[in-house]
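Undergrad: Below are the chains, spelled out letter by letter.
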Amino acid sequence: MPELAIPPDARTLVLNMGPQHPSTHGVLRLVLELDGETIVRATPDIGYLHTGIEKSCESMTFHQAITLTDRIDYLCPLTNNLCYVLAVEKLLGLEVPPRAQWMRVMLNELTRIASHLVWLGTHAIDIGAMSVFLYCFREREEILNIFETASGQRMMTSYFRVGGLALEPPRDIFPRIENFLKSFPARLQEYEDLLTRNRIWIGRTRGVGILSAEDALDLGVSGPTLRASGIDWDLRRDNPYSSYEKFSFQVPVSTDGDVYARYLLRIAEMRESLKIIRQAIDGLPEGPVQAHAPGVVMPEREKMKTQMEALIYHFKIVTEGFRVPPGEVYQAVESPRGEMGYYVVSDGTSRPYRVKVRSPSFANLQALPKLAEGRLLSDLVACIGTIDIVLGEIDR
Amino acid sequence: MIPHEVAEMPDAAALSEFDPEAVIDGKYDRGELTLVVRADRIQRVCEFLKAQRGYRYLSDVTAVDWFPSEPRFEVIYHLYSHHRKERLRLKSRLSEAAAEIASVVPVWGAANWYEREVFDLFGIQFRGHPHLRRILMPEDWQGHPLRKDYPITGYR
Chain L
890 MPELAIPPDA RTLVLNMGPQ HPSTHGVLRL VLELDGETIV RATPDIGYLH TGIEKSCESM
950 TFHQAITLTD RIDYLCPLTN NLCYVLAVEK LLGLEVPPRA QWMRVMLNEL TRIASHLVWL
1010 GTHAIDIGAM SVFLYCFRER EEILNIFETA SGQRMMTSYF RVGGLALEPP RDIFPRIENF
1070 LKSFPARLQE YEDLLTRNRI WIGRTRGVGI LSAEDALDLG VSGPTLRASG IDWDLRRDNP
1130 YSSYEKFSFQ VPVSTDGDVY ARYLLRIAEM RESLKIIRQA IDGLPEGPVQ AHAPGVVMPE
1190 REKMKTQMEA LIYHFKIVTE GFRVPPGEVY QAVESPRGEM GYYVVSDGTS RPYRVKVRSP
1250 SFANLQALPK LAEGRLLSDL VACIGTIDIV LGEIDR
Chain X
5 MIPHEVAEMP DAAALSEFDP EAVIDGKYDR GELTLVVRAD RIQRVCEFLK AQRGYRYLSD
65 VTAVDWFPSE PRFEVIYHLY SHHRKERLRL KSRLSEAAAE IASVVPVWGA ANWYEREVFD
125 LFGIQFRGHP HLRRILMPED WQGHPLRKDY PITGYR
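Line by line, the protein sequences give chains L and X.
So in the working numbering, the last spot in the first sequence is 1285, and the numbers never skip.
So in the working numbering, the last spot in the second sequence is 160, and the numbers never skip.
Hints were generated in silico from the structure; no laboratory data involved.
Heads up, some of the hints might be wrong.
Unchecked claim - To spell it out: a stretch of chain X is covered by chain L in this simulated footprint if at least three of its residues, at any positions, have a beta carbon under 8 Å from a beta carbon of chain L; those stretches are: (1) 6-20; (2) 59-65; (3) 130-142.
All values reported here derive from a predicted model rather than from experimental measurement.
For each residue, glycine too, the CB sits at the ideal point set by N, CA and C.
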């Protein structure tokens, strides 16, 4: 049981919310202490989705572990893939060709939009705006189709590999992305028409769930939740990775720190992501999508049929993996939810000695009591939705 | 001993001025600075770094188990300065017999859940933590899963 201090006069009521509650976005349990309808104390209880991914990684080769990273945050699998392979590439000292880097950026921004769409849809349905949910999932489907074209999978993509991409992207992915870029701005406007000046929406979100910049920093909050509290910090711009420094985009910041500010901020972020995707398509460099690193990168299928060397490398990578020099790295990327970091330790073998996932939602959820305490019970649903948690990455 | 190129870096230099005995080792590898701090000084060092060096943000606290070598555990802190956009990694080494270290919750509130996770999965005690309980595993769970002597299957 979470720590519960029931006051001696026992005027408060202890209410259990979740873990199977439709608005907790997974299996989050909250122990609420209520005085009438006012929340005196909210205590999150997590771990219902703990699958031991970090432990499993230690028994897999560096290559195999990529598949586990998809499953950590199932709304942005490609961001997880990217963060993990960047960490391993840093350990190996491997340079990735520009075409692969730009493709990574392009697909990551599509992931960000897809993730924000799920957030917007579920957040709106929690507060009672049902139709937005249906529209958001319609557009998300288009993005998932793009992922399927690239990797063969809608969600568990594992498309980024150590040294580059799994495959050269098929040619028909680009017209699909073009189509999406053409249609999406109008769709985004549709959501805004439904919500931004909707009086009920404003009534339920403005001035609710306020988080000060001071508290946000102290509690390790990151991503849109932090930026809505007035801290201008985006890893894509401040510690660029995978050629993000070559793209121009704005980082939306707000100082209101309430649910409404976070809503506007994420909508603005989707517009910025569109700009990045546009630049990535227009300036996509030609060239290979995999680094020249025999023994680390899987050889091409054709070469395996004609060259002995390629066949041996393939056999070695599949059976025992590639060795990674000893050392430790911490690689952070800006996931749709904030700072996603992978701390990978190698002891010189072909299996990671330790993989630690610094998941943004884990830290962001710590701020939930700050958002909800002292507010009405009905505001709690808006507060859970606004920090955009994914229980898969909290519990790992 | 601290390598020369690490000792000259601003964070290490400031720390050695503040407390010459606190940092016992360090390395600068792959563009990342790691300082090994004596376990009994960790809280002071963190307070200093937050107040004087601008590390207002604690990204992460985690641990590594080096079983069967001694000291067995490393507790690892990832600090970030928004002002300088720099990261710093602190490390403290703990033996199996004394797997205990001071909590940094008074310095950064974020450490609360991070330290609970390390306690849950490694069994490392954090002195002065407000409520050190399991966070991911069930309350009545036996053992600490991320220890290297905890098998991946067949524990029960």
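Undergrad: Indicate, hint by hint, whether the structure satisfies it.
TA: Results for each hint:
1. Counting residues of the region 6-20 of chain X whose C-beta lies closer than 8 Å to any C-beta of chain L gives 0; at least three are required, and the coverage claim is violated.
2. Counting residues of the region 59-65 of chain X whose C-beta sits closer than 8 Å to any C-beta of chain L gives 5, which meets the bar of three, so the coverage hint holds.
3. Residues of the region 130-142 of chain X with a Cβ under 8 Å from some Cβ of chain L number 7, which satisfies the need for three, so the listed coverage holds.
Of the numbered hints listed earlier, the single one contradicted by the structure is hint 1.
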